[in-house]
Amino acid sequence: MSCWHGNLPAECGSLSVYLRLLALTMKVLIPTSSWETAWFTTALIISAYLFLQPASYGRFHATNRYTLTVPGKAGWFIQELVSPICFLLSFFSDPEQVQRQADIKLFSLGTVACICWTLHYFNRVFVYTYRAPHMSPTRIEIVLAAILFNLVNGTWNGAVARKYAERSIWEYDKRASLCCGIALFLWGMYVNIISDNELMRLRRQKVPCQQGSVTLSNGRKYFIPEENMHRFVSCANYFGEIVEWTGYALFMDGETAAVGFWVWTLANLVPRAVQTNKWYRRTFGEKYPKNRKAVIPFVL
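Position 132 of the sequence shown, counting from 1, maps to 254 under the numbering used here, and the rest follow consecutively.
Worth flagging that the hints you see were computed from the coordinates, not collected in a lab.
Treat the hints with care, since some could be wrong.
Label pairs and their calculated CB-CB ranges [to be verified]:
1. 296 - 404: 43 to 53 Å
2. 255 - 189: 22 to 32 Å
3. 174 - 262: 16 to 26 Å
4. 412 - 305: 26 to 36 Å
5. 409 - 305: 19 to 29 Å
6. 255 - 160: 35 to 45 Å
7. 297 - 269: 31 to 41 Å
8. 419 - 301: 34 to 44 Å
9. 408 - 327: 38 to 48 Å
10. 214 - 350: 35 to 45 Å
11. 403 - 170: 21 to 31 Å
Cβ atoms here follow ideal geometry from the backbone N, Cα and C, with glycine treated the same way.
Modelling step: build the complete structure from the supplied sequences, incorporating the hints.
Spelled out as structure tokens, the structure:
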């Protein structure tokens, strides 16, 4: 897809608005630290690129004879496992706290962050990988890029969470943001899981269903999802994940590491969702609901 083609005004408009939103977020929230600025700027650049060229995995998987790939499930498992390992190592082995023998309180903001992170990645690494009926091969460079991202992101967020592990949540003076953030995180995780469950159920389906189906040249059959948040957006699982990390950034009181993960989540998933929505419309034509958005209900 290219924004210089005259027949794509909608996608170009979405790209422009979305990139302005990300740029505004960066201007308001990121500090002056050069490496942190580079971290956010990289997210913006990659997001713009992904709007124009979707990452080659899943339904957009494409290879040639010179492309190195890894099995889909193996690549996913390895790249996602890096994040919780790095988070937990960073959380439990911070040199400053260990040196002064600081105690981790059971009911602290840091332990809440640790529990949320672990829950999310336990589902992604183990449950999702085990239950997914099929995952297309993934190009090796995508797996390596994901590993690098998760290495930095997991380590950074684990260290930040450790700073909040010595103070009880009952002493936390921003109870409203804490409660709202946790509620958003849990609801987003719920939406993500039930949306994935629907997609898995449809992939296992062998016969056409009411909403229609198509069989592509590779023999894979696709159906139109219709339940829960899929009534409003094409990528309800992405919407759920965006809500999760919005909640996480909220209850972490806008810490740069948490906001950074939220921005990177948008940078990766929003372009992917726009491409997926376009793919659904191209593949199913008039059968696909005209008013269904890509990832944010009623907005985008």
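*Confirm or reject the claim that residue 409 and residue 305 have a C-beta distance inside 19 to 29 Å.*
violated (36 Å)
*Within 16 to 26 Å or not, the Cβ separation of residue 174 and residue 262?*
This hint holds: roughly 22 Å between Cβ atoms.
*Do residue 408 and residue 327 keep their Cβ atoms within the hinted range of 38 to 48 Å?*
Violated, at about 22 Å.
_Given a hint of 43 to 53 Å, does the C-beta separation of residue 296 and residue 404 actually sit inside it?_
Holds, at about 46 Å.
_A range of 31 to 41 Å was offered for this pair. Does it hold for the Cβ distance of residue 297 and residue 269?_
holds (37 Å)
_Verify the CB-CB distance for residue 419 and residue 301 against the hinted window 34 to 44 Å._
violated (23 Å)
_Range agreement (Cβ of residue 160 with Cβ of residue 255, hint 35 to 45 Å)_ = Taking Cβ atoms as reference, residue 255 and residue 160 lie about 39 Å apart, which means the hint holds.
*Evaluate the given range 26 to 36 Å for the C-beta pair formed by residue 412 and residue 305.*
holds (32 Å)
*asked:* Please check whether residue 214 and residue 350 have a Cβ separation lying inside 35 to 45 Å.
replied: Holds: the Cβ-Cβ distance is about 37 Å, inside 35 to 45 Å.
*Has the hinted range 22 to 32 Å been met by the Cβ atoms of residue 255 and residue 189?*
holds (24 Å)
*Do the Cβ positions of residue 403 and residue 170 conform to the proposed distance bound of 21 to 31 Å?*
With a Cβ separation near 22 Å, residue 403 and residue 170 satisfy 21 to 31 Å, so the hint holds.
Comparing the model with each earlier hint shows violations of hints 5, 8, 9; every other hint is respected.
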